[in-house]
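Enquirer: Here is what each chain is made of, one letter per residue.
Number of protein chains: 6
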Amino acid sequence: MCRVYMPEPLPSTGVPLRTDGRLPGQLRPLRFQNHIAPYATGSTLVEWGNTRVICGVTVEESVPRWMKEQNVIGGWITAEYSMLPYSTLQRKQRDISKGKIDGRSQEIQRLIGRAMRAAIDLEKIGSRTIWVDCDVLQADGGTRTAAITGAYVALSLAVRKLMSEGKLKESPMLHAVAAVSVGVVNRQPLLDLCYVEDAAAAVDLNLVMNSVGEFIELQGTGEEATFSETELAALLALGKAGVKELLAAQQAALA
Amino acid sequence: MCRVYMPEPLPSTGVPLRTDGRLPGQLRPLRFQNHIAPYATGSTLVEWGNTRVICGVTVEESVPRWMKEQNVIGGWITAEYSMLPYSTLQRKQRDISKGKIDGRSQEIQRLIGRAMRAAIDLEKIGSRTIWVDCDVLQADGGTRTAAITGAYVALSLAVRKLMSEGKLKESPMLHAVAAVSVGVVNRQPLLDLCYVEDAAAAVDLNLVMNSVGEFIELQGTGEEATFSETELAALLALGKAGVKELLAAQQAALA
Amino acid sequence: MCRVYMPEPLPSTGVPLRTDGRLPGQLRPLRFQNHIAPYATGSTLVEWGNTRVICGVTVEESVPRWMKEQNVIGGWITAEYSMLPYSTLQRKQRDISKGKIDGRSQEIQRLIGRAMRAAIDLEKIGSRTIWVDCDVLQADGGTRTAAITGAYVALSLAVRKLMSEGKLKESPMLHAVAAVSVGVVNRQPLLDLCYVEDAAAAVDLNLVMNSVGEFIELQGTGEEATFSETELAALLALGKAGVKELLAAQQAALA
Amino acid sequence: MCRVYMPEPLPSTGVPLRTDGRLPGQLRPLRFQNHIAPYATGSTLVEWGNTRVICGVTVEESVPRWMKEQNVIGGWITAEYSMLPYSTLQRKQRDISKGKIDGRSQEIQRLIGRAMRAAIDLEKIGSRTIWVDCDVLQADGGTRTAAITGAYVALSLAVRKLMSEGKLKESPMLHAVAAVSVGVVNRQPLLDLCYVEDAAAAVDLNLVMNSVGEFIELQGTGEEATFSETELAALLALGKAGVKELLAAQQAALA
Amino acid sequence: MCRVYMPEPLPSTGVPLRTDGRLPGQLRPLRFQNHIAPYATGSTLVEWGNTRVICGVTVEESVPRWMKEQNVIGGWITAEYSMLPYSTLQRKQRDISKGKIDGRSQEIQRLIGRAMRAAIDLEKIGSRTIWVDCDVLQADGGTRTAAITGAYVALSLAVRKLMSEGKLKESPMLHAVAAVSVGVVNRQPLLDLCYVEDAAAAVDLNLVMNSVGEFIELQGTGEEATFSETELAALLALGKAGVKELLAAQQAALA
Amino acid sequence: MCRVYMPEPLPSTGVPLRTDGRLPGQLRPLRFQNHIAPYATGSTLVEWGNTRVICGVTVEESVPRWMKEQNVIGGWITAEYSMLPYSTLQRKQRDISKGKIDGRSQEIQRLIGRAMRAAIDLEKIGSRTIWVDCDVLQADGGTRTAAITGAYVALSLAVRKLMSEGKLKESPMLHAVAAVSVGVVNRQPLLDLCYVEDAAAAVDLNLVMNSVGEFIELQGTGEEATFSETELAALLALGKAGVKELLAAQQAALA
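Protein chains in written order, with the UniProt record's numbering: chain A, 1 to 255; chain B, 1 to 255; chain C, 1 to 255; chain D, 1 to 255; chain E, 1 to 255; chain F, 1 to 255.
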């Protein structure tokens, strides 16, 4: 886990170091462990700093009822997100024990779903539903961006498998998709917040972008505070640079 | 209801008119009918084009358990959002009949809650929970922005009542808060999308801002597509202008 | 809101006045605001004293499964009743937050459904389900009778619309239907109880009648007490007179 | 089970006999088998024609939260009603399998609760909750009236036990309570409808009365039809006579 | 109810008697009251010592969806188990009030289902679902074994009825099935534990066997303790002898 | 995944090999990857053939309400078991999507809980609740035995951590606990069934034992068939040998 953030200027450069020694625009180390769940069509375990998310992609040979009723051509991608009970320092109760799905989880899984649908040509996947499940194994900030970044890898692996099995003739993949968080802590814009930074952030912005530099989603919140246009511009710049690195890491994991 | 969007250039100006005759940067007519629910501490019915939302604010003289357990000073604001069954052309089933809260509704009510918490100094409201309930009576696009814009009015009315009753000595209100949607339809940035425009939009951005020009929330989605930085800049400009008008309308309604 | 009931004999007549100045057999003022929810097929806002109920009627082009399975000719009418959270002086939690529908609400919505099914020839509405939704905006006693009385107006408006659209060739409407409460407070029979009277009543009787003077429903309860046949007779007389006035008000609203 | 109703005039009297040979004002045979559930504080199995209901009364040494919060003196009685899956010719799914309590069951259990609370002086039962559970073993019409009539017997047995154990010094019992249904079938008023009569009835009225001839509840419904004042009077007369017989049967069972 | 277990050696035999005077290998008295729920296809009330369970069997003329989808020939048997609220000395809340099925009940109903499916040739019952419902009326230990032993009787009665109605040409019944519990209390193996013995037992073993001496289910638990192979052998011997007596009692009840 | 079981006698030994080449009494390869979820107090990933289960142990500094109410000394251990959606070849829907916990999962988590409570002296863990969560990552038969065998390792790691932190002075661990399945396939007793063997098994027996050779749980089912005492004896012998190997593997993983 990240320790408490105490920014101190470095004597030589004047740039404050972060709690884990990173520079403001530096990502945490990122690693993909593919095929973590071999019965999934595609799966990976993303380890991003101390955040770990299992992404598993499975395929159902039918489409949701609304697609049938409306005669929509092609398939659908839907996502589910959940935190395993032992992913946080204080045990997180399962949704089923509370009898309802966590509001934050719902919000995140809807975001993952939209991001993945932007990565793929839904008409080309045939009359199928692709399920993208993201389960957090360890939560140290940035679980939604890790989920999206990992989900893209698992989705790519699943598509490869469908193609090798002859179920897809042509790749439905569009541009690659990755996500990162940026935030303002102690008036300084930072890339890729860990949990303690996130808790201390006055602004928190999640960016989902693709490999041609376009936005897919942009979610900025003042966390019960506010932010200016200048701050927004600085955050977008940091985030764009971060996404580029992530996209490269994904490509390496898929090579 | 708004009819299908068929932009045609005006002979004189070259600017295409929208389905309801508005210019690209023009808001739909906005009206507040305060005290629609007299037993609420504050309430208003926002009519914004064909979208109608009832906003009711009630006050509970206690705080959520987590605040007590963590000894947090002050109070809390929480929001609930729901669509009445007859608010859409096709009846919308109640959440209780489906046995679970709608995912989209949860996302929206969390957004309303964050927006209202940015409008008020929570320490100054005392050991109370303020409930902000938004029920959609007619849905023609922009229900979440109408809910936020109306909720601010209802909240202001409720605070006034608490002050007149001596329950609050000092106003906890910070800056006024309003929200608007902007989007790109047929490659043209438009302010305040009605339902048919929203359904046709390639980009949809919701802006929550305050009266000193700061952002509270920024939620942009490519709706399974993408958008560029240039489009983002154009949308932010349109949105900021729209929010200014909304803030003025709120002040008039509260005068 | 009605103040506490302190019946004092009028010097001239000896008849005690009620808390809001009404005579024992006098209704509270009644007003219908039609088309409150324009996307509904028919809608009205009933304001009856301080009680306000939104009645929205929507139409679904199919029938419940049990009708299909049993090959029943015609359509169905079903009702739902709910209290908006800000309709009471102390906020009323939504059913979905408690995870189950309120027992009292269920009882009332079943009553509304039966009343509306008695107002219409179900065989003549075709293979459709008519949904009657009643949402209480302000609750000051008599919400179920207001819901029924308003639901009849909304239903009539909806039928008119279906006829004007050519979906119905012939009117399915039978006799008009209205409902009122009567009760015994301080040993005196009273028409149309407001909340404080209802809370103080030893007997509470709800009458649903039609425009040819027949009963549709009769629900009398001693509220954990009892009542005699004599009291029953007096209450029925008061109630019948009240329903007549209500039926006239409905006709005016539909003119 | 009752067979299909085919009223034929008796040669001598001109009075049509009912499907099971009863006269219009005749009750079905009634039998109580007390102590059917020996771990209950009081219990009985009511067999009323082909309708069988288990009534079990248990006692909890605390009161509902709302009573504590409002400092109400005395205790509370609450009822639950349920149909066992094998009580009907076609299996009835359990509430827990559907995930929600049946609307009709809720309505009935609220009625049983009110009836029992009218039978007892709640202040005299001490700070206790008395649970009255009614489970239908066989359903041939009149389950709610059988439940109430049996619940009174089980409640009396429970009170006796509490007194014998010294938990109650003084009997809290007020007047005895019983319930019966009356209805109009083929234009003839009938007492105590069995299932096929109930299904064919144009009017259905449930009467809950006490041993001094007062009404506790009166629930009449036209079952999607209507009824006149004359019919109401005839039904009330039949019902009152029936309740008298039921009260006598209860006393015999408690002797 | 069984009183507290105080084993004392009999002067003459040295064998300790049990709380209710039984010898270690002695069953409690067993009695079947068939047709307790006449609308069921088959039913019985098992009274086994102070434990009473209603077993009702009903038949649905269709099979579960998974059987249709997998084109499985024949029918299915499924069981549900529930404790009536007044079956225990302290009232047991209904599942529907808690909103979820009790874990222990689920475990038991799955066990009953497997046991009944071993008693019958599923291919021979045709395209039907047989529902076996077991509701505990009084719980004094051994409710699951009483449920299984009674369910077999109710199932046999139901099959007889289906055959007499010509719905089954050939009996699908295989060998008879019964169940008993055995346990170690104060280091002594005992047959057929009542509640206080069960609560004091260091080992608890439930045996489901058929009439040719084969095992269908064997569930032994150290109840947070452990047991040796020697103890296991002694318990199996006691249990086998007990099941033989139960099978004889079933035959008598079905004669 | 295991392929279809086709036993063929080896020319030299006459012993048929299993689908994956194992001998009848041979376990699948077993591996523990400790600390898979670093925020848990103890965790391990068990890989047992193609079955993979994440076991995470967390500690809550309070006890369940029933322990407080009954003044029970010491702490409690409770378990939850769930299958991740991508753990099976066909996606497994989450419990929360179905709105209720899977019956089989409940049965298994109750079993894990009892097994872990037999491994530890509950009085020595202080006033704490230990949560044992088992989430299946890949399901190829034996998930419940893998969960128990892994849970013991995770629990031991958690206890070590509590001792190193000084929260426990003395180890509460009793004997080590492991579990294995045995079954009869094609009339041959086999140790440690993989999924295809399990699906083909006529008998399935799960054994939970400790390191001094005692039974904790014994669950044998004929899977809608039956088994004899001779088969039982052969299965117990195979199982006991298997558990010994598992206990050794656990010790190695904890060394």
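Incorrect hints may have been included.
The list treats identical chains as interchangeable, and a pair is accepted whether it falls inside one copy or across any two copies.
[Unchecked claim] Straight-line alpha carbon distances no greater than 27 Å define the calculated DSS-like cross-link-like pairs of lysine-lysine that follow:
no. : residue 1 : residue 2
1   : Lys124    : Lys167
2   : Lys161    : Lys92
3   : Lys68     : Lys98
4   : Lys68     : Lys92
5   : Lys68     : Lys161
6   : Lys92     : Lys124
These aren't lab readings, by the way, just hints derived from the structure by calculation.
Enquirer: Confirm or reject each hint.
Expert: Structure-based check of all given hints:
no.	hint	result
1	Lys124 <-> Lys167	within (11 Å within a copy, 40 Å between copies)
2	Lys161 <-> Lys92	between (34 Å within a copy, 20 Å between copies)
3	Lys68 <-> Lys98	between (33 Å within a copy, 21 Å between copies)
4	Lys68 <-> Lys92	between (37 Å within a copy, 19 Å between copies)
5	Lys68 <-> Lys161	within (26 Å within a copy, 30 Å between copies)
6	Lys92 <-> Lys124	between (39 Å within a copy, 25 Å between copies)
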